[in-house]
Structures are given as C-alpha cells and as structure tokens.
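S.K.: The residues making up each chain are set out below.
2 protein chains.
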Amino acid sequence: MTALSTDVAGIGNAIVDVLAKADEAFLVKEGLAKGAMTLIDGARAEQLYAAMGPAREVSGGSAANTLVGVAQLGGKAAFIGKVRNDQLGGIFRHDIRAAGVAFDTPPTTGGAPTARCLILVTPDAQRTMNTYLGACVELGPEDVEPAVIQAAKVTYLEGYLFDRPEAKAAFVKAAELAHAAGRKVALSLSDPFCVERHGAEFRALVEGHVDLLFANLAEARALTGADGAAGAAAALEGKCEALAITMSEQGALVQGGGERHMIPASPVDTLVDTTGAGDLFAAGFLAGYTRGKSLADCGRLGALAAAEVISHYGARPEADLKALAARHLGTGFLA
Amino acid sequence: MTALSTDVAGIGNAIVDVLAKADEAFLVKEGLAKGAMTLIDGARAEQLYAAMGPAREVSGGSAANTLVGVAQLGGKAAFIGKVRNDQLGGIFRHDIRAAGVAFDTPPTTGGAPTARCLILVTPDAQRTMNTYLGACVELGPEDVEPAVIQAAKVTYLEGYLFDRPEAKAAFVKAAELAHAAGRKVALSLSDPFCVERHGAEFRALVEGHVDLLFANLAEARALTGADGAAGAAAALEGKCEALAITMSEQGALVQGGGERHMIPASPVDTLVDTTGAGDLFAAGFLAGYTRGKSLADCGRLGALAAAEVISHYGARPEADLKALAARHLGTGFLA
Chain S
321 MTALSTDVAG
331 IGNAIVDVLA
341 KADEAFLVKE
351 GLAKGAMTLI
361 DGARAEQLYA
371 AMGPAREVSG
381 GSAANTLVGV
391 AQLGGKAAFI
401 GKVRNDQLGG
411 IFRHDIRAAG
421 VAFDTPPTTG
431 GAPTARCLIL
441 VTPDAQRTMN
451 TYLGACVELG
461 PEDVEPAVIQ
471 AAKVTYLEGY
481 LFDRPEAKAA
491 FVKAAELAHA
501 AGRKVALSLS
511 DPFCVERHGA
521 EFRALVEGHV
531 DLLFANLAEA
541 RALTGADGAA
551 GAAAALEGKC
561 EALAITMSEQ
571 GALVQGGGER
581 HMIPASPVDT
591 LVDTTGAGDL
601 FAAGFLAGYT
611 RGKSLADCGR
621 LGALAAAEVI
631 SHYGARPEAD
641 LKALAARHLG
651 TGFLA
Chain R
321 MTALSTDVAG
331 IGNAIVDVLA
341 KADEAFLVKE
351 GLAKGAMTLI
361 DGARAEQLYA
371 AMGPAREVSG
381 GSAANTLVGV
391 AQLGGKAAFI
401 GKVRNDQLGG
411 IFRHDIRAAG
421 VAFDTPPTTG
431 GAPTARCLIL
441 VTPDAQRTMN
451 TYLGACVELG
461 PEDVEPAVIQ
471 AAKVTYLEGY
481 LFDRPEAKAA
491 FVKAAELAHA
501 AGRKVALSLS
511 DPFCVERHGA
521 EFRALVEGHV
531 DLLFANLAEA
541 RALTGADGAA
551 GAAAALEGKC
561 EALAITMSEQ
571 GALVQGGGER
581 HMIPASPVDT
591 LVDTTGAGDL
601 FAAGFLAGYT
611 RGKSLADCGR
621 LGALAAAEVI
631 SHYGARPEAD
641 LKALAARHLG
651 TGFLA
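As they're listed, the protein sequences go chains S and R. Numbers in the working numbering are just positions in the first sequence, counted from 1, shifted up by 320. Numbers in the working numbering are just positions in the second sequence, counted from 1, shifted up by 320.
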C-alpha cells in the first residue's frame, strides 16, 4: 500500500444508528439511563427495537462520525472498523466512503451482524443510546494496517474501544505505531460510564500515549475527580499537548502550550438531536489542528461543526461544513 | 381470523427508501428523469447506490405511507405487501407495525432482497425515485387475505402495482372482494409514467372498480388527455364517487356527489423533500372519509397531512398528525 499522507486515521466501532423519538415515560418503562450509552446484547436489542417507534437508519459510530466531519471540512481521513457483509454493513460502508473517507477493513462473513445503536431522542433533544456491538467484537490488532496509521498526521481513537480486550489491543498497537512514526495520537473519552469502567487504564493511557484529549464535562470529571471544567483542565495540565472539554451550550474549554481559552457554543436555530455533538466538535478541532491552526481556532471550528450536527437527526453532517466555516470564520480559513 | 372492522386496508410495494441529497448535475450525469419514478434492476441499483452520496434509510412505499398516515390520524389500517426476511425487510416490518398498522403478509425466505427506492432530493426539494422492486415481485393474489379486505371500509390500491401481472391480479382480486362485501375501493395513480404505461387498463379500472380516485395533475392529464385540473375533473365526472387531484402549492381539487371544491395548500415553513406528499394527502382524505366527513373536510385533512410530510426528509409523518388536525381543523374534528 502506498502510504499517501492523510490527516486523520480513526479506529472505532462501525455502527448503524437507528433513531426514534421517545418520551420520558418510554425511557422509564424500559429502564434506560437517559443520556448514556449502554451496551446491550442481541436479545435485548431485538426486544427494545420491537418496543421502539418507527425509526430511521443513519450510519454512525463515534470515530466514524468524526472522520466524516474531517473529510467534509476538506481533510483526508481513513477509518478502521468492523462490519459484517450484511445489508447494514453495506449501508455503513457506502455512507462512509460516499462521504470521502477511506475504509478498507475487510468485513466478517459470518457470526454476529453489523452493529447497531438504538437511539431514543426525547423532546429535549437528548439522546439515549443502546449499542449492540455485533460484528464490532471481531475488530482486533490484525485489522490495524500499519501503513494507514503511519501515513496519518493524527491517529484518532474512540474510548468505547476499551470495552473489549481485542479492540483495546488494536488501540494500543495503533498508538505505538503512530508514535514510532512521529505522529500524534488523539483520544475521545466517549462516555462517562465508559471512563468509570476503565478509569485507571484511561489515566495511564492519557499520561503515556495521548497527545490530544477530547472529553465532555462529565467524562473529564470522571477521569480527574475534579468538579468543574477548570479543575479538570488544571489536573490534566501538561499531561497532553492539547485538551478540549466540551460543555454543551456552555461552549468548550481548550487548553495547550500554556494557553487556555473558553470557546462559546455556536448558536443553533432549533436543537433537534444532540447525537454526534462531541464527535463533530472533535472533527472541527482536528481539521483545524492538522492545518496548523491556533488552539482557539481549532476550538471555534469544533463548535461550528457541533452546532450543525445537533440541528438535525443523526450524527453525520448534512449541511456543507466548508461553506459554514467560510461564512463564520472567513473565506480563507480552510483555504 | 376474526374480521375486526378496520378503516383502510392497503396493498402496495413494501419498500425501504434510501434518501440522499443530489444536485441537478448528478441527475444529468446519471441520466435520471427528474421528479419521476423509474424502475431499475439490481445491477443498476448497486451502481447508482455506489454513485450516490451518504444516505439515510426510512421505510416507504406509496400505499404503506398512506396507511401510516391513516393510523396516525386515529384510523385503523392494515397493509398487504411483500418483503424478504432480510435486515431491510425487518426494518420495514418494524416501522409499519410501530406506526400502528397491521402487517401480516409472510416474507419471502429466498430470492431477491427487500425492495428499495433510491431517492435523490435536489435543492428545490423535488425527489427523483429509482425503485428496485426486489421481493415485491413475489406479491400475488394468494397474499390478499379475504378477511383483511372484507373488514375494511376502504381498500386502497397503489397504481404502481400495475407494473407486474401478479400484483395486478392481487389488485383485481382485492377490488372484487371489497365490492362483494359492500366496501369501497380507492386507487392512487402513483406516477404519470405508470399511467402512460397502463392507460387503457387504468381507464377501464376507474370506470368499473374505483370509488375514490387520487391523482396529481400530471397523472390526471395522462389518464384523461385533458389539459388542466378542471378539464380532467370534468372528464371524470360521474365515473367515480369521489376524485381528488393534487396540485402541489396550488392545493387540490376535490369532486364528488355533484360538488367540486378547491382546497388551498396548507402553508409549510421550509419545504425540504416532497417525497410522500401525494401519499399523505390520500391518508388525510381517507381518514376523513372513513369518519364520514364532508368532501371539503376530507380535502383539508389531506392538505394538512401532505404539508407535514414535505417539511422533512422521508415519506412518513414525523409530527403528531392528530394534534396538527386539532390545531388547524378544531379540537373536535377527529373526536
């Protein structure tokens, strides 16, 4: 494989999102932890799906969403993740490639079907996620193609991978390959419960392997034990090159190289579905970072991409992100 | 099977819509007839899908969309149509049942996959449809469960069924069963090209079997040879109990029992995707008709349901249609 230079290579769960509206009573009746990501097995996935209302299917997956955002902002992106050779796997593969992201991980040909995430969106636009990992459990270090990692300025890893030993091994292999090639490693903490499940390992990882860290406030608190964003940022000072803590409508804190900035949230006409907000913040940040933008500008581009994705259902951008960036940050910003 | 009374039983193609944005240049490059429904084979479906941008999957099918609208307006509805036992078939079955429509046609267990319609939505909100019928070709008269038809006040048939002899036989069987049981038969003409393909048969059918006829202006012109809505309505005067000709932002003409009314289009904040406009007009009309509403009120409820579905992507309602009807037509309207 010719190692063409890319901006971001991501490793994550390859998931098709199944989005339906639900009211609070449905969450209570089904015992769902509002706002969280819960792992479920195949039987529970069928039971919950049968109980859900009419849905729409949109390709998702945290790192995959981020890479689509990077590509739509003009960056070169590649994804490593596992689907099965079934209809949902075909949908995932089509959508990520159609968005301009390279994706060549071979699908499984038997076993569990392609992963899906049953997402209930409540009237307050909050999403409650229930993930059946399916074929994702087959992702292992053998799927981490060294040339893909070595060619990327940044290797981006989703914290959800830590829920399975084989994926964690893929994760560590990728981080080591990236650093050996003089590249950067980014980590998204994904979910406060995921951080709680793997707290000590995440802390060791951040100190030993991670250059760019993305977290929302709940995740940053779970990782550091600090109460607020400022406390969490102080606890992580000097432990990674750059840190971003996203705080929904409060904007984001970005920190690095002795600087700290508060980035205001970009305004949203109608908040529809917060699925993918963190993923797209990371996309904007990384698109800026790989172009050598300032820390504050990386944060601004992140806030802009996040605002777009929460204005509609689904976790992948629908508007022209490049045009949005030109309108809000200047026509030469992404030139 | 106990023949519980239902309002509308529909027979149609069981299709999952695959919706993507496209510009005019894409339609030209792919040689697509803008605004039309074109039948494509499996190879072309794969080729066109690969060329399309990232998509979302939403259950569709013309009659199926109408029945979902009837159910959401408080009516009892049942669907007859053919999927395969694959993932897309599971999605179709889930969505229509979750919307409250009975659906018990057994799926095929081999052969072609569940049907899909590749829909390109241009910036003017027009949809261009490319249908791979897949498992739908297996629908035949044996799938028309007499009890389902006999129990329904109205049997609703989509014109697209005329594209296959077996489905046409199912169509005729259903119409005969309905009339033998003293019930009504409704027909949607579906598409001007479909009308042109089967003009003489449609005309014989309308005169011999159809009580309620739904057409848009292009379909009404293709059927009658008349130039405008008034001419088409005059040509069809007395040939069926009621007629509705939909004319996009010009509203609809409804005619029956010696009356003729022009129904203004309901206002839409942002026109997003016209997929399903005709299907949902029929839903509102039928929901009114089966409650014994006046011809004009049936038209008003149709216009309201159509306006909802064109304000978002996909051909199934997303807002609470009952609440909409209460707000615009009075709280007691659907009581």
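Keep in mind the hints are simulated off the structure, nothing from the lab. Among the clues, some could well be false.
Since the list gives no way to pick out one identical chain from another, each pair is judged satisfied if it fits inside one copy or across any two copies.
Unchecked claim - Here are the computed lysine-lysine pairs in the DSS-like style, where the Cα-Cα straight-line distance is at most 30 Å: (1) Lys396 to Lys341; (2) Lys642 to Lys559; (3) Lys473 to Lys354; (4) Lys349 to Lys396; (5) Lys349 to Lys473; (6) Lys642 to Lys349.
S.K.: Now, for every hint given, state plainly whether the structure supports it.
M.R.: A quick look at each hint next to the structure:
1. For the homomeric pair Lys396 and Lys341, the shortest alpha-carbon distance between copies (22 Å) is at most 30 Å, but the shortest distance inside one copy (34 Å) is not.
2. With identical chains, the CA atoms of Lys642 and Lys559 are never at most 30 Å apart, being 32 Å at best within one copy and 56 Å at best between copies.
3. For a Cα distance limit of 30 Å, the shortest separation of Lys473 from Lys354 qualifies neither inside one copy, at 36 Å, nor across copies, at 43 Å.
4. For the homomeric pair Lys349 and Lys396, the shortest alpha-carbon distance between copies (26 Å) is at most 30 Å, but the shortest distance inside one copy (44 Å) is not.
5. Taking the closest pair of Cα atoms, Lys349 and Lys473 never come within 30 Å of each other, the shortest separation being 46 Å inside a single copy and 36 Å across copies.
6. Proximity of Lys642 and Lys349 under a CA criterion of 30 Å is satisfied inter-copy only: 24 Å between copies versus 42 Å inside one chain copy.
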